[in-house]
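Peer 1: Each step along the sequence shown adds one to the number in UniProt numbering, with nothing skipped, and position 39 is 39.
Quick caveat, the hints were computed from the structure, so don't treat them as lab data. Glycine included, C-beta positions come from ideal geometry on N, C-alpha and C. Treat the hints with caution; some may be incorrect.
16 Å max Cα-Cα, derived EDC-like pairs, lysine to aspartate or glutamate [stated by the list, open to error]:
| # | residue 1 | residue 2 |
| --- | --- | --- |
| 1 | K188 | D218 |
| 2 | K24 | E342 |
| 3 | K143 | D163 |
| 4 | K12 | E342 |
| 5 | K183 | E342 |
Pair by pair, the computed Cβ-Cβ distance ranges are [unchecked claim]:
| # | residue 1 | residue 2 | range |
| --- | --- | --- | --- |
| 6 | L318 | Q27 | 39 to 47 Å |
| 7 | K188 | K366 | 54 to 62 Å |
| 8 | K55 | E217 | 53 to 61 Å |
| 9 | P168 | K24 | 15 to 23 Å |
| 10 | L137 | V346 | 18 to 26 Å |
| 11 | K24 | A247 | 42 to 50 Å |
| 12 | E43 | F123 | 21 to 29 Å |
| 13 | E339 | A189 | 37 to 45 Å |
| 14 | M1 | K249 | 31 to 39 Å |
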Amino acid sequence: MILGIDLTNIKKGGGLTHISELLKVAQPQRYGFEQVIVWGNVETLALLPNFDWLKTAIFPQTQQPFLHFFQRMFFFPNIARKHCDLLFSPGGSFFSTKMAYVSMSQNMLVFEKKERDRFRFHFNWFRYLFLSALQTLSFQQAKGIIFISEYAKHYIGQRLRKDFSDFPVIYHGVADRFLQKPKLLNPKATIRLLYISTISLYKHQWNVVEAVVKLREDGFLVNLDLIGDFYPPAWQKLKRFLAKFPASKDFVRVHGAVNFEEIATYYQQADIFVFASTCENMPNILVEAMRAGLSIASSDYGPMPEILGDAAFYFDPLEVNSIYESLKMMLTSPEKCFEKAEKAFVNSQQYSWQRCADETFTFLQKMAKV
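Kindly produce the complete structure, drawing on both the sequences and the hints.
Peer 2: This is the structure in structure tokens:
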């Protein structure tokens, strides 16, 4: 059998990391696939590993989004059908009635209306609406679907009124470069808080900033590092909050996007990881923080409790006082912090790319034979 992988709509980010790490440890021959063909653009394909069983195929790329969409929807299915027995679409936007394919759910913003509406009338809002219709169609026609959290599987199943019980939840892995044993907080030293995530309307960095301001006013020595790309409207909102608290320039550092290779260094230098998102599918960043041995203060929304269990301090990301109280508890209870960090560190061992690859190819083999 020949397996195809559709990367024609994936250029960077977690989707590309997922496939790249998956293929590094995959053994497709064990599951009956003598060859794997990956379609994508030149830059994406150049980041994939080299194996005898892995073939890459350039799909024509255009700078015009509508033309590219037309090519993907009307030309690509015919190309894929001629060259593979089953297509795996990790981007979740492929659909065809003429060939067998497995889709995948990775972005909850396309399904969670309340979170999507934070972008109301911005370009991204229209984009998410369009993707919602596209992914709904993809999921309805797919031979199988891979979910990456129980939360997403349950939510989307209810939203589409579909029974997804036969489809698996396969968690992503985490790289060993983040590996670091937990350390005990030193209450006499300045504690470094770290929040890595795109500055966006559902990430609520401004609420974290205000909570940190309150901690500083109460005499706690804490600094905050914010790392991630900017979504312009959210960046403007964050700048307004920073201007509202002029003293924050001394203890809040906004680094913007950081090279992927440098991220591990920031984890190593941090003491507490903060995550205030209200919309996630599987938050890979949290798993990285777990593997880095950090004490974690997390949003209690979505799949966060599913991933962290009882190994974190939770808060309501929409309430500054909730964030403040959670962080204050951590700062005044270093032993409890260490205990939860150790538990999170141990739990992170289950998130391996080898396990992800084995479970993915087991399911793909099953779908190819049905």
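Peer 1: The structure should be examined with respect to each hint, and the outcome stated for every one.
Peer 2: Hints, one by one, checked against the model:
1. K188 <-> D218: holds, 15 Å
2. K24 <-> E342: Not satisfied, since the Cα-Cα distance of roughly 29 Å exceeds 16 Å.
3. K143 <-> D163: holds, 13 Å
4. K12 <-> E342: Violated, at about 32 Å.
5. K183 <-> E342: Holds: K183 and E342 sit about 9 Å apart, inside 16 Å.
6. L318 <-> Q27: 39 to 47 Å: holds, 45 Å
7. K188 <-> K366: 54 to 62 Å: Since K188 and K366 have Cβ atoms about 56 Å apart, the given range 54 to 62 Å holds.
8. K55 <-> E217: 53 to 61 Å: Roughly 60 Å apart at Cβ, these two residues keep to the hinted range, so it holds.
9. P168 <-> K24: 15 to 23 Å: Taking Cβ atoms as reference, P168 and K24 lie about 21 Å apart, which means the hint holds.
10. L137 <-> V346: 18 to 26 Å: Distance hint for L137, V346 is violated at roughly 41 Å.
11. K24 <-> A247: 42 to 50 Å: About 46 Å separates the Cβ atoms of K24 and A247, which means 42 to 50 Å holds.
12. E43 <-> F123: 21 to 29 Å: holds, 23 Å
13. E339 <-> A189: 37 to 45 Å: violated, 20 Å
14. M1 <-> K249: 31 to 39 Å: violated, 59 Å
Figure legend: structure checked against the earlier numbered hints; hints not met, in rising order: 2, 4, 10, 13 and 14.
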